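A.B. asks: Chains as they are written, first to last, in this note's numbering: chain A, 191 to 393; chain B, 41 to 298.
By construction, these hints were calculated from the structure, which means they are not laboratory data.
Careful, some of the hints might be misleading.
[What the hints assert, rightly or not] Quick look at which bits of chain A chain B covers, simulated, 3 or more residues with Cβ under 8 angstroms: (1) 208-214; (2) 315-324.
[Claimed, not checked] Result set (DSS-like, lysine-lysine): computed pairs, CA atoms no more than 30 angstroms apart in a straight line: (3) K74/B x K215/A; (4) K307/A x K252/B; (5) K134/B x K245/A; (6) K183/B x K74/B; (7) K183/B x K219/B; (8) K215/A x K367/A; (9) K215/A x K320/A; (10) K322/A x K296/A; (11) K74/B x K53/B; (12) K134/B x K307/A; (13) K322/A x K367/A; (14) K219/B x K215/A; (15) K259/B x K183/B; (16) K259/B x K307/A; (17) K259/B x K296/A; (18) K219/B x K53/B; (19) K53/B x K134/B; (20) K307/A x K172/B; (21) K263/A x K296/A; (22) K320/A x K296/A.
These numbers come from a predicted model, not from an experiment.
Built from N, CA and C at the ideal position, the CB exists for glycine as well.
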Amino acid sequence: MIAIVDYGVGNLFSLESSFRCIGEKAVVTSDREVIRRADRVILPGVGAFEDAARKLRESGLDRVVIEEAESGKPLLGICLGMQMLFERSFEFGEHQGLGLINGSVKAIRDVIPTDLKIPHIGWNSLSFGKEKSPLFRYLNEGDYVYFVHSFYGADCDESVIATTEYGATLTAAVSNKNVYGTQFHPEKSGEVGLAILRAFCEM
Amino acid sequence: MITKRIIPCLDVKDGRVVKGVNFLGLADVSSPVKLAQFYSDNGADELVFYDITASAEGRALFTDILREVASHIFIPLTVGGGINTVDDFDRVLKCGADKVSVNSGAIRNPDLIYDAARRYGSQCVVLSVDAKRVDGRFRVFAKGGRENTGMDAIEWIRRGVESGAGEIVLNSIDTDGVKQGFDLEMLDAVCQVVDVPVIASGGAGCQEDFIKLFHALPKVDAGLAASIFHFGEVDIHDLKRTLRQNGIEVRMTQNKEN
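Given only the sequences and the hints, what does the whole structure look like? Please build it.
C.D. replies: Written as structure tokens, this is what we have:
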């Protein structure tokens with residue numbers, strides 16, 4: 191069973207449906223016991239970092255997510271959920287993250303040419319570098335996924351498992367042992383996205 | 041590289057897709073779920089569902105359909121039609137929509153854009169504008185393009201983005217249905233004043249119209265059309281192949297039909 195952590199941000203309908211579509215049972219939950227019993231954990235998120243980090247902390251689920259990750263359980267953060275895995279974010283001030291991935295979350299605006307639009311929204315292609323992560327075992331170099339974001343994971347070279355090009359090379363996905371994060375939305379990336387979720391379920 | 045998006049638009053009335061569709065090999069051609077699946081399998085980058093129902097029963101049917109579509113199709117879904125309040129946003133977002141498009145509802149209540157953007161984020165709020173030339177100026181038309189509001193379209197769009205709209209769908213009434221190409225002049229005027237994605241709508245008749253659009257206006261992010269896709273006059277997979285051959289970056293997918 192997969193626990194999709196519900197801490198009051200974002201729309202989890204598609205995420206839940208996408209697991210059903212690949213034949214996996216997923217539960218949207220804020221119950222720490224359910225999260226502890228789950229085989230895998232998804233940390234979703236949309237919106238502003240500060241607000242989401244506060245809600246996760248206030249719900250007490252931040253501790254549960256960290257404990258489960260440290261116990262070796264596969265964890266996947268998606269979009270803002272990926273950014274929350276980092277040590278800190280510089281989105282409107284400085285805010286603390288979960289610290290499961292080394293690095294910071296910074297504004298795309300500061301690293302791309304000014305004529306490019308923010309947010310980086312739409313379908314963009316993935317590059318995997320030298321070694322392909324098991325998360326992407328069913329993917330090919332250059333496959334397209336769907337992004338919507340204005341901030342990106344920085345200073346995390348040792349954790350990057352995929353990048354995308356948008357006026358600069360941006361972090362598209364990260365991993366640190368059993369902890370994974372995708373900046374893009376697998377649940378909105380068609381067959382390619384479902385193949386990523388399938389690979390995650392096989393870990 | 042970020043790709044140009046190709047977006048089919050489906051009008052739904054009382055739970056069925058209207059405007060007639062003419063797909064070979066699809067038994068139930070007006071089933072929104074089957075159509076959405078067909079488009080998703082054939083390379084559509086996003087789908088727009090437009091609720092043109094007037095009745096409350098029809099509205100309930102629409103959300104049922106949306107939920108059904110979102111349970112099976114995993115590409116971005118934009119929903120429009122009958123969006124007048126933040127509660128309307130809530131209603132369709134809970135059923136799996138990713139973006140919500142406002143048109144007449146925002147004209148009646150311009151705060152709607154700001155309120156929705158604050159609650160759900162700008163990436164969720166699409167401002168859809170029907171515009172037409174009147175005495176040499178672009179004017180905003182309401183109620184499905186029937187009523188001239190007298191508002192200047194460029195100014196209205198600029199203000200909409202200021203209020204928090206994260207994307208613009210510009211439908212030119214002048215070129216809509218004529219199939220002689222997108223309204224490049226009107227689109228250019230809009231691209232000059234906004235820095236959010238602009239989706240061109242109205243006028244596409246063939247593949248060349250999309251090539252012209254993206255070559256002439258690199259700032260346009262997507263092309264939207266309805267009948268030419270529904271009637272199979274333009275196959276999205278073929279269109280994307282042609283765009284790519286012409287140096288326009290698009291997302292290629294495997295064509296399941298082949």
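A.B. asks: Starting from the hint list further up, note which numbers the structure goes against and sort them upward.
C.D. replies: Hint check: 2, 9, 14 fail, others pass.
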